[in-house]
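Quick mapping for you: the protein sequence lines, in order, are chains A and B. Going by our numbering, the first residue of the first sequence is number 1, and it counts up by one from there. Going by our numbering, the first residue of the second sequence is number 263, and it counts up by one from there.
Please keep in mind that the hints were generated in silico from the structure rather than gathered at the bench. The reader is advised that the hints may include incorrect statements.
[To be verified] In silico SDA-like cross-links for lysine to any residue, where the CA-CA straight-line distance does not exceed 20 Å:
id : chain 1 : residue 1 : chain 2 : residue 2
1  : B       : LYS331    : A       : HIS246
2  : B       : LYS447    : B       : CYS399
3  : B       : LYS331    : A       : LEU85
4  : B       : LYS331    : A       : ALA260
5  : B       : LYS331    : A       : PRO48
[Stated by the list, open to error] Which residues of chain B face chain A? A few of them, derived with a C-beta cut under 10 Å, are:
id : residue
6  : LEU303
7  : GLY305
8  : ALA340
9  : ARG359
10 : ALA360
11 : GLY394
12 : PHE415
13 : ALA419
14 : LYS436
Where a beta carbon is used, it is the ideal one built from N, C-alpha and C, also for glycine.
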Amino acid sequence: MNTHDPFANDDASGATPPSDEVRAGEYVLGVLDAPGRSQAQARIDAEPAFAALVERWDQHFAWWLLQVESVAPSAHVWPRIRTDLGWPSVGGARGGVWNSLPFWRAATGLAVAAGLAAVVIGVRPPTPTPAPPAVVVQPVEPPAIEVPEAPRPVTVLARDDGSTGWVATIDPVASEVLMVPVPAPADPAGRVHELWLIAEGAAPQSLGQVSGDTAHTIEVPAALRDTLAVGATLAITLEPQAGIPHAAPTGPIVAKGGIARI
Amino acid sequence: MTDMSALQSDAASDVDALLTRVARGDQSAFESLYRSTSGKLLGICLRVLSDRAEAEDVLQDVYVTVWNKAGQFDAGRARASTWLGTIARNRSIDRLRALPAPASRAPIEIAENARDPAPSPSSHAEAAIERGRLDDCLEQLEPRRQTLIRTAFFDGATYEELAVRSGSPLGSIKSWIRRGLMQLKACLEQ
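Chain A extracted, bound-state conformation (with noise of 0.2 Å):
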C-alpha cells in the first residue's frame, strides 16, 4: 500500500513537526491535546493563511458534523441564554404553542407515552398491547413510530422548544390527572414543578407540585373538578417550593398544553 501511498515521501512519522496543511487537518479533525489546540487557535486568529486552511478542512467535515442526530436542549437553556446576553429571560412576541410544528410532532409521540405511562403505572389498556420501545421523544425528527392504542386520550404538556415536558392523562371520574415526566435536569435553582389548571381567559389555580423525573397521580381538589375539562389548559411553572400551592404563579412557564380531549 505505501509503495502507491502519494504522501509517503512527506514525513509524517510524527518526529518532524507537520505541514501547516496537516496542522490545520488535525485541528479539525480533533486529535490536538489541548495545548496543541490552543497554539492552533492563535494561529488562526494571527495568520489568515492558517485560517484559511482550518476553513476548508471545516468544510470538507462539515458533512459529517451534520449527520449527528438533533438531541432538543432542555427547556432551560434558551432563558439562560438570554441571561448571559444581558436580556429578561421570558421573551416577548411569543407565536405560542398551538402554531408550532415541534408541538405537533411532539404530539405524535403521545401515544408511545402514554403507552409507556400504562405500563409505568400498570393502568390497564382495554385491549393487550405490545409494550412500545422505550424511546426518547425526539421532537426535532419526527419519530417514525407506530402508534399503538392509547389507553386513554393524553394531554400533552410542551415544553418551550416545543419537546414534550409532561404527558397528563386525566381520569375525570377519579378527579385525578396522572402526570408523566419526561426527565430533565433539576432547576439549579432549587425550584420545584408547579402545576396549573387555568379554564380559558381565567387566572391560574394550583394543582400543587408535580415531579420533573418520576410519573405520579394528581388528586384534584373537588372545588376545580369542573375547570378540568376540554379547552382548558395545564402549566407547569418553576417555583419555590415553600408554600405550595401558591395562589399564583412567579417563576417562568417551563411546560403547557391546551385539553383537547379527556
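Following the hints, complete the assembly by docking chain B onto the known chain A.
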C-alpha cells in the same frame, strides 16, 4: 415570530438568512435561529461530551458566542449550518480537554485487514442517510486509517487517547492519521 412551523421546516438557506439577520442585531431572528438549530448543535456537543449537563452548558456558551460573533459570518464563504456546527464542535472539544481525563473509552480495533471500520453514528445511520463525498473518499483509505479518522472525529479523541485505545505506538497513530488526512484532502479536492 408567529409561524413556528415555517421556521422549523426551514432549509439551510433560511438558516443563512437568519444568521445574517442576527448579525444585524435582530433578537427575534436569534430566537428563531435557536429554535431551528439548537437540537442539531446539542447533538454535536453531546457526541463529543457525552455528559448532558456539560453539553448544555457548552451549548449555552455557543449561542452567546453566535450572538456576539454573528458579524463574522460570511454567507459567501460558508453555510450558516457549518459555521454554527463548527463553533459547537470546537467549544465541545475545548471543554473536553479542560475536563479531568475521561473514563477510558472503548478500545479501537484497527487490524490492518479489518473489513468494517468501527461502528460510528455515520455508518450506523448510513442506511437512512445520504452518503457524502467525504464518506466515498474515506473509503479509499486503508481500513485502519479510516477507523482512526472516524473515531478521532466523532469522539474528539487526541492522538494520545487513540494510541492507548488502539494499543498502537503514538508515532504510528500520528503517521497513519496525517497520511490519511492528506489522502482524504487529495480526494476531496480533486
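Cross-check of the supplied hints:
{"no.": "1", "hint": "B:LYS331 / A:HIS246", "verdict": "violated (42 Å)"}
{"no.": "2", "hint": "B:LYS447 / B:CYS399", "verdict": "holds (9 Å)"}
{"no.": "3", "hint": "B:LYS331 / A:LEU85", "verdict": "holds (13 Å)"}
{"no.": "4", "hint": "B:LYS331 / A:ALA260", "verdict": "violated (43 Å)"}
{"no.": "5", "hint": "B:LYS331 / A:PRO48", "verdict": "holds (17 Å)"}
{"no.": "6", "hint": "LEU303", "verdict": "holds (8 Å)"}
{"no.": "7", "hint": "GLY305", "verdict": "holds (4 Å)"}
{"no.": "8", "hint": "ALA340", "verdict": "holds (7 Å)"}
{"no.": "9", "hint": "ARG359", "verdict": "holds (4 Å)"}
{"no.": "10", "hint": "ALA360", "verdict": "holds (7 Å)"}
{"no.": "11", "hint": "GLY394", "verdict": "holds (4 Å)"}
{"no.": "12", "hint": "PHE415", "verdict": "holds (6 Å)"}
{"no.": "13", "hint": "ALA419", "verdict": "holds (7 Å)"}
{"no.": "14", "hint": "LYS436", "verdict": "holds (3 Å)"}
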